[in-house]
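J.: As a plain string of letters, each chain reads:
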Amino acid sequence: SQTIHQWPATLVQPVGSPLSLECTVEGTSNPNLYWYRQAAGRGLQLLFYSVGIGQISSEVPQNLSASRPQDRQFILSSKKLLLSDSGFYLCAWTGGGRAGNEQFFGPGTRLTVL
Amino acid sequence: ELKVEQNPLFLSMQEGKNYTIYCNYSTTSDRLYWYRQDPGKSLESLFVLLSNGAVKQEGRLMASLDTKARLSTLHITAAVHDLSATYFCAVHQAGTALIFGKGTTLSVSS
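Just so you know, the sequences run in chain order Y and C. Per our numbering, the first sequence runs over residues 1 to 114. Per our numbering, the second sequence runs over residues 1001 to 1110.
Among the clues, some could well be false.
Said to hold, decoys possible - Residues from chain Y shown here face chain C by an in silico Cβ test under 7 Å; the list is partial:
id: 1; residue: Val12
id: 2; residue: Pro14
id: 3; residue: Gly16
id: 4; residue: Asn101
id: 5; residue: Glu102
id: 6; residue: Gln103
id: 7; residue: Phe105
id: 8; residue: Pro107
Treat the hints as calculated values from the structure; they're not laboratory data. All of these numbers come straight from a predicted model, not from anything done at the bench. The beta carbon of each residue, even a glycine, is placed where N, CA and C say it ideally should be.
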């Protein structure tokens, strides 16, 4: 069966510090991978998605970036965090195909920028 | 641009009563998904609706899809406290993305 991991689970960072969040998927190959952000009490904002190694599509211009160095690894980064970067970051995967657009979410990383 | 609207955004329910939440979307799509999110937790997939007229049921929840009306409903039968959560609908957009509604937060009280 497939599982998705995210770490860290929680993170408190000062403004201006760098960020690296990691997401890995097990039990599948060539997944589509997604990064979402959810601000407190708000809906989901799609940040990035990737259909393959090295292929990143950005949905929202911001100070964040994403990379996919391996098939089942997706990384979200920032060089300098802003207060507005606080939120709940969710990674998701899908296997593609007609029914495969169903997205499965990881446990999330709660980021607080102070 | 595909837009997904849910209403209501907040629903205070009484135990034992029936309720419906609605998900409207703006452009043609034949795939719609419902997710549940408990406070502080991630999203859990509830239903996958892949065709016009599709109906799925799980316990006290029933979801349906009308692609001609661009509408999905999530019906709650005899609400219980365990159903308190935020429910999101998401619609497939051409390409690979899902577009999510803002979510409906349900609160069940006795």
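J.: Next step is simple, just say for each hint if it's right about the structure.
T.: Cross-check of the supplied hints:
Because the beta carbon of Y:Val12 sits about 16 Å from the nearest beta carbon in chain C, more than 7 Å, this interface hint is broken. Checking Y:Pro14 against chain C by beta carbon gives a least distance of about 23 Å; that is not within 7 Å, so the hint is violated. Interface restraint check: Y:Gly16 against chain C, minimum CB-CB distance 27 Å, threshold 7 Å, status violated. The closest approach between the C-beta of Y:Asn101 and any C-beta of chain C is roughly 5 Å, which is under the 7 Å cut-off, so the hint is satisfied.
Of the supplied interface hints, the one on Y:Glu102 holds, with its beta-carbon coming within about 5 Å of a beta-carbon of chain C, less than 7 Å. With a least beta-carbon distance of about 6 Å to chain C, the hint placing Y:Gln103 at the interface is held under the 7 Å criterion. With its C-beta approaching chain C no nearer than about 4 Å, Y:Phe105 sits inside the 7 Å limit, and its interface hint holds. Hint status for Y:Pro107: holds, given a least beta-carbon distance of 5 Å to chain C, under 7 Å.
Violated hints, listed in ascending order, are 1, 2, 3; each of the other numbered hints is respected by the structure.
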